[in-house]
Amino acid sequence: MSDSEAPYAGPPVNVPPPPGWRVEAVALPGEPRRLPPQDHAAIDRAEQRARLVTQWLTLVAVALMFTVLIIGLVEF
1497 MSDSEAPYAG PPVNVPPPPG WRVEAVALPG EPRRLPPQDH AAIDRAEQRA RLVTQWLTLV
1557 AVALMFTVLI IGLVEF
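Numbering of the sequence shown is given in our numbering, commencing with residue 1497 and proceeding in unit increments.
Hints listed in this document are in silico derivations from the structure and should not be mistaken for laboratory results.
Remember, it's a predicted structure, so these values are computed and weren't measured experimentally.
Be aware that a few hints might be false.
What follows is a list of derived Cβ distance ranges for each label pair [as the list claims (entries may be wrong)]:
1. 1566 / 1534: 41 to 49 angstroms
2. 1509 / 1533: 53 to 61 angstroms
3. 1537 / 1517: 53 to 61 angstroms
4. 1524 / 1556: 54 to 62 angstroms
5. 1541 / 1570: 53 to 61 angstroms
6. 1565 / 1544: 26 to 34 angstroms
Just so you know, even glycine gets a beta-carbon here, dropped at the ideal spot from N, CA and C.
All chains should be built: construct the whole structure from the sequences, respecting the hints.
So, in structure tokens, the structure goes:
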């Protein structure tokens, strides 16, 4: 830093708004819409199907891993 540079003077001065200043208007939101009715029985059936698919995929993956492990141990 050379001697010819002026020292940092700080941030600019904040000018407050004039007295009595307010936001012109605030928009109020409307009433929320109603959600459509839900078919709880259909939701339960879909969850049951998803659970069954997940369990079968897990069973197949574990059986496949077990098979690969057995084949790997028998080969050596």
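Structure-based check of all given hints:
no.	hint	in the structure
1	1566 / 1534: 41 to 49 angstroms	holds (47 angstroms)
2	1509 / 1533: 53 to 61 angstroms	holds (60 angstroms)
3	1537 / 1517: 53 to 61 angstroms	holds (58 angstroms)
4	1524 / 1556: 54 to 62 angstroms	holds (56 angstroms)
5	1541 / 1570: 53 to 61 angstroms	violated (43 angstroms)
6	1565 / 1544: 26 to 34 angstroms	holds (32 angstroms)
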